[in-house]
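Chains as they are written, first to last, in my numbering: chain A, 22 to 136; chain B, 2 to 112.
Incorrect hints may have been included.
Derived pair list, reagent style EDC-like, types lysine to aspartate or glutamate, alpha-carbon separation capped at 16 Å [said to hold, decoys possible]:
no., chain 1, residue 1, chain 2, residue 2
1, B, K71, B, E6
2, A, K41, A, E80
3, A, K76, B, E42
4, B, K57, B, D72
5, B, K99, A, E80
6, A, K87, A, E108
7, B, K57, B, D68
8, A, K35, A, E80
9, A, K85, A, D109
10, A, K62, B, E39
11, A, K122, B, D72
12, B, K71, B, E55
13, A, K62, B, E42
14, A, K122, B, E42
15, A, K41, A, E124
16, A, K76, A, D86
17, B, K104, B, E39
18, A, K87, A, E73
19, A, K35, A, E124
20, B, K99, A, E124
21, B, K60, B, D84
Computed, partial: chain B to chain A, Cβ under 10 Å [what the hints assert, rightly or not]:
no., residue
22, Y23
23, V29
24, S32
25, L33
26, Q34
27, Y36
28, E42
29, L46
30, G53
31, G54
32, Y92
33, R96
34, K99
35, I100
36, K104
37, G105
Worth flagging that the hints you see were computed from the coordinates, not collected in a lab.
A virtual CB, placed ideally from N, CA and C, is assigned to each residue, including glycine.
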Amino acid sequence: GAVVSQHPSWVICKSGTSVKIECRSLDFQATTMFWYRQFPKQSLMLMATSNEGSKATYEQGVEKDKFLINHASLTLSTLTVTSAHPEDSSFYICGLRSGSKYEQYFGPGTRLTVT
Amino acid sequence: TQLLEQSPQFLSIQEGENLTVYCNSSSVFSSLQWYRQEPGEGPVLLVTVVTGGEVKKLKRLTFQFGDARKDSSLHITAAQPGDTGLYLCEYQQNRDDKIIFGKGTRLHILP
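Chain B on its own, in the form it takes in the complex (with noise of 0.2 Å):
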């Protein structure tokens, strides 16, 4: 069963520290989504990933995928409460696969 891990299930930090979370698998991407969803509302794309070692940025949110392909990663430099959210990473072997979702990195900024 193809699964991905995300790490950490619940992170707690206060505003303006650095933080990283992550997105693995033992399956290789062909690409990889991440998204955010605040409570009660549906998911927001991020980011699309797709080759490896390839790095993207969105102002403070840096997305690494790796060499293999089979790992990602968020880094969130300087954390403010909007950043709060459930952040899921999402992807899709093929066009008949199944589509596999992770459990999901709850994240809570303190003000």
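Okay, chain A solo, but in the shape it has when bound (with noise of 0.2 Å):
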């Protein structure tokens, strides 16, 4: 199967900075990556998706300006929690998929703490 990576595995910022979140593909080329939000006990919530080298979309309610989302390449996507806030604590998982498949491999999350 495919292998993805998330960086950092978890993290606790301060109110008011910014946090990167990477996700790469290791051994296959993700031509769409998506961005998912969860929350405990609860399924995935997509915030947003993004091809390569395109703009992302952003699910209705998920602040762009808020949440910046770079695909620079076919192994590599970025997220970005600007400003964060205690509210954005949660737990954000990257999925890729490739070519005209429908499945997705996901990366192993990033437990994110604002305190």
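Take each chain as given, in its own frame, and dock them per the hints.
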């Protein structure tokens, strides 16, 4: 199966600071990348979709100026949470897809805690 | 609004028992994915089903796609503690459509 890494695996930051999360595919080219957040005991909530070289498409209710997504290459996408607040504390997961397939391969997630 | 209904929401059974969880929608799926997620980790792809009536087996896991492609089931035989996790079904009708995840079935296997 495809290997996806996320960095960092967990991060604690102070309110008002920015945090960057990296998602990398290690053995395949990810033409589409998805960013999700997940609250305890809940399912995944899609935040945005990005295709390599294009601007991300954000889901309704997700602020594009707060959650900056850069799909820099076919192997790297970053999510930057700007001016983080305690309510941004969550588990953030990237999902990657290749070509015409519908299956997603997920990173191990990043636990963000904003104090 | 397209929805994926997963049932049951929670299931706790003894090791060695069999179980079935379901994923249903009013829409026709072009394909459907099943994932398992363990606490603190990302979901892991189990299977993709595409053809109506399709049955796929993955060791003790049997996945079935309904004939009308509106529902799917996952049957686990002789459940083991390692099967514990959140089971999610997901689909996207077409590339430009919204990705839909079910709310998941949280499975706990008691040793």
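Consistency of the hints with the structure:
For a cut-off of 16 Å, the pair hint linking K71/B to E6/B stands: about 11 Å separates their Cα positions. For the hint pairing K41/A with E80/A, the CA-to-CA distance comes to about 20 Å; that exceeds 16 Å, so the pair is violated. For the given pair, K76/A sits about 27 Å from E42/B by alpha-carbon distance, which is inconsistent with the 16 Å threshold. With a C-alpha separation of about 14 Å, the suggested pair K57/B and D72/B falls inside the 16 Å cut-off, and the hint holds.
Between K99/B and E80/A, the direct Cα distance comes to roughly 9 Å. Compliance with the 16 Å bound is thereby established for this hinted pair. Pair hint K87/A plus E108/A holds up; C-alpha atoms about 13 Å apart against a cutoff of 16 Å. Annotation: proposed proximity of K57/B to D68/B holds, straight-line Cα distance about 14 Å (limit 16 Å). With a C-alpha separation of about 26 Å, the suggested pair K35/A and E80/A falls outside the 16 Å cut-off, and the hint is violated.
Taken as a hint, the K85/A and D109/A pair is honoured in the structure, with Cα atoms around 14 Å apart against an allowance of 16 Å. Proximity of K62/A to E39/B is assessed by CA-CA distance (about 11 Å); at most 16 Å being required, the pair is judged to hold. In summary, the hint linking K122/A to D72/B is not supported, as the alpha carbons are separated by about 20 Å, beyond the 16 Å threshold. Distance restraint check for K71/B and E55/B: the Cα-Cα separation of roughly 12 Å lies within the 16 Å cut-off, and the hinted pair is therefore satisfied.
Proposed proximity of K62/A and E42/B is supported: the alpha carbons are some 13 Å apart, at most 16 Å. Restraint check for K122/A and E42/B: not satisfied, since their Cα atoms lie roughly 23 Å apart, outside the 16 Å limit. Simply put, K41/A and E124/A have alpha-carbon atoms about 26 Å apart, too far for the 16 Å limit, and the pair is violated. Proposed proximity of K76/A and D86/A is supported: the alpha carbons are some 12 Å apart, at most 16 Å.
Between K104/B and E39/B the alpha-carbon distance is near 15 Å, which keeps this suggested pair within the 16 Å criterion. Only pairs whose Cα atoms come within 16 Å are accepted, and K87/A paired with E73/A is rejected, the gap being roughly 20 Å. For the given pair, K35/A sits about 36 Å from E124/A by alpha-carbon distance, which is inconsistent with the 16 Å threshold. For the proposed pair K99/B and E124/A, the alpha carbon gap of about 14 Å is at most 16 Å, so the pair holds.
Distance check on the hinted pair: K60/B and D84/B sit about 12 Å apart at the alpha-carbon level, within 16 Å; holds. Nearest Cβ of chain A to the Cβ of Y23/B: about 15 Å, over the 10 Å cut. The hint is violated. Using the Cβ-Cβ criterion of 10 Å, the hint placing V29/B at the interface with chain A is not satisfied: the shortest such distance is roughly 14 Å. Among the interface hints, the one on S32/B holds; its C-beta lies about 5 Å from the nearest C-beta in chain A, closer than the 10 Å criterion.
Interface restraint check: L33/B against chain A, minimum CB-CB distance 9 Å, threshold 10 Å, status holds. For the restraint placing Q34/B at the interface with chain A, the shortest Cβ-Cβ distance is roughly 6 Å, inside the 10 Å limit, so the hint holds. Annotation: interface hint on Y36/B holds; nearest CB of chain A at approximately 8 Å, less than 10 Å. Restraint check, E42/B versus chain A: the minimum CB separation of about 5 Å is within 10 Å; hint holds.
A least Cβ separation of about 5 Å between L46/B and chain A falls short of the 10 Å threshold, and the interface hint therefore holds. Against a cut-off of 10 Å between C-beta atoms, the interface hint on G53/B is violated, since the closest Cβ of chain A lies about 16 Å away. Against a cut-off of 10 Å between C-beta atoms, the interface hint on G54/B is violated, since the closest Cβ of chain A lies about 19 Å away. The closest approach between the C-beta of Y92/B and any C-beta of chain A is roughly 7 Å, which is under the 10 Å cut-off, so the hint is satisfied.
Given the 10 Å rule on beta carbons, the hint for R96/B holds: about 8 Å separates it from the nearest Cβ of chain A. The interface hint given for K99/B holds, since its Cβ lies 7 Å from the closest Cβ of chain A, which is under the 10 Å cut-off. Proximity of I100/B to chain A holds as hinted, the smallest CB-CB distance being about 5 Å (cut-off 10 Å). Taken as an interface hint, K104/B checks out: its beta carbon lies about 5 Å from the nearest beta carbon of chain A, inside 10 Å.
At about 5 Å, the closest approach between the beta carbon of G105/B and any beta carbon in chain A falls short of 10 Å, and the interface hint on this residue holds.
The earlier numbered hints that this structure contradicts are 2, 3, 8, 11, 14, 15, 18, 19, 22, 23, 30, 31.
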